[in-house]
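Chemist: First to last, the sequence lines map onto chains A and B. What the first sequence shows, in my numbering, is residues 1 to 252, in sequence order. What the second sequence shows, in my numbering, is residues 1 to 193, in sequence order.
A portion of the hints provided could be inaccurate.
[Unchecked claim] Using 27 Å as the maximum straight-line C-alpha spacing, the simulated DSSO-like pairs for lysine-lysine come out as follows: (1) Lys71(A) with Lys167(B); (2) Lys132(A) with Lys110(B); (3) Lys188(B) with Lys167(B).
[Stated by the list, open to error] Footprint (simulated), chain A over chain B, 3 or more residues, beta carbon under 8 Å: (4) 59-73; (5) 159-172.
[Said to hold, decoys possible] If you anchor each label on the Cβ, the simulated ranges turn out as follows: (6) Thr150(A) with Asp39(B): 54 to 64 Å; (7) Ser207(A) with Ser67(B): 50 to 60 Å; (8) Asn14(A) with Ser67(B): 50 to 60 Å.
Hints in this document: simulated from the structure, not taken from any laboratory. Where a beta carbon is used, it is the ideal one built from N, C-alpha and C, also for glycine.
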Amino acid sequence: MLTKRIIPCLDVANGRVVKGTHFTLLRDVGDAVDLAQLYAEQGADELCFLDITATVEKRKTLVDLVSRVGKVISIPFTVGGGISSVEDIRAVLLAGADKVSIGTAAVANPSLISEAAAEFGSQAIVISVDAKRTGPEAWTVYTNGGREDTGMDALRFCFHMEELGAGELLINSIDRDGTRTGYDLELLRAINDLVDIPVIASSGAGSKEHFLEALREGQADAVLAASLFHSRELSILELKQYLSSQNILIRL
Amino acid sequence: MNIIVDYDAGNITSLCNALEKLKTSFQVSDDESVIRKADKVFFPGQGHMAQARRSLEKKGLIDCIRSLTQPFLGICVGMQLLYDWSEEGETEGLGIVSGKLMRFSDPDLKVPQMGWNSVTARNDNPLFRGLNEEYFYFVHSYAAPLGDQSIAKAEYGGPFTAACQHKNFSGVQFHPEKSGEAGLQLLKNFLAL
């Protein structure tokens, strides 16, 4: 049977892993390749890299990182952060990434998603959705690192992305990011009810129970977290043993 | 020399990385004479089956692949191409393994199947030596039913073929190059055939 996936997310700037809260206050937590290897050894099912390098050399540093990571680990990994063209996607996939996550560019230029899916296959295209709650059962999509409100309905946006050929959705909750108060379960469930592609829950994990909720009540296919793992408060193995003891199918 | 057949059907970087981790020498080629002389043949594939078939035709490699006699490993769409036919683009395969691939049809399933699934191998198959009930990483929307040539199965809404074999031709639906230690062991087992 297919297992649920645990995905540590590494925010990377110039090849180093950093962690910010609400996209601010960056703190260096280690070398990206070292940390990737550590998580792979601990049993991570996939890794996700979000490049926040803000320089003109961005693509080059990202391709270099992907290539170094691919030589060390042999589990799937996704790379995102400023990917905005078919050429960006090609460069990163050819360097050894399995998937790219696309955020702002998917909103600004939806045809990029259909082009990319046709060129590289849906399985390689993850849409990263930054959603913020506006009312009961209502969320809008934000772009540019959570700074800009597009006014677009998040559920409709997810459905549209699936239609265009996205292979997976990575759902970030701006309200929960960095708060450690748990994933936005209603958001996850609403999206899961709507789409047939896998959904990755992100933002808000503060305890083992939060992961369980996201998988059970949120019906997510995978759960992603960053600081909880980087701070070593929770190891991947401990989390997986806990979820398995709660009858969640997990690769152990 | 071990050869990875490059016929423009998806990304082979990960497979190259995995073979480098195993410290195995290999060459990437689309040259028929090089492929024929290979010790072992890796036949990866990703994306749409019809496109993969067209790429293979364009390279003029269909008959070459069919007539190989050395150990051969098809991966993902590379495995699917070994079959008679796939519902994806209603595409003819190479007809080496009998059966038809169908799309996962259970409405409760997420498609593609994406992630780690446990694989039950047929006893004593050398490709799966030391690997029974291991997890491997799958990404696919079409699957082959179980048949005489299935050597390993997995479950996703029902059983399907995780690996098949006919004479020197083996195929795996999952990605051994992305399946951590278990995947590397499977590649090692193949190299030892």
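Chemist: Confirm or reject each hint.
Modeler: Taking the hints in turn, this is what the structure says about them:
{"no.": "1", "hint": "Lys71(A) with Lys167(B)", "result": "violated (33 Å)"}
{"no.": "2", "hint": "Lys132(A) with Lys110(B)", "result": "holds (25 Å)"}
{"no.": "3", "hint": "Lys188(B) with Lys167(B)", "result": "holds (19 Å)"}
{"no.": "4", "hint": "59-73", "result": "violated (count 0)"}
{"no.": "5", "hint": "159-172", "result": "violated (count 0)"}
{"no.": "6", "hint": "Thr150(A) with Asp39(B): 54 to 64 Å", "result": "holds (55 Å)"}
{"no.": "7", "hint": "Ser207(A) with Ser67(B): 50 to 60 Å", "result": "holds (59 Å)"}
{"no.": "8", "hint": "Asn14(A) with Ser67(B): 50 to 60 Å", "result": "holds (51 Å)"}
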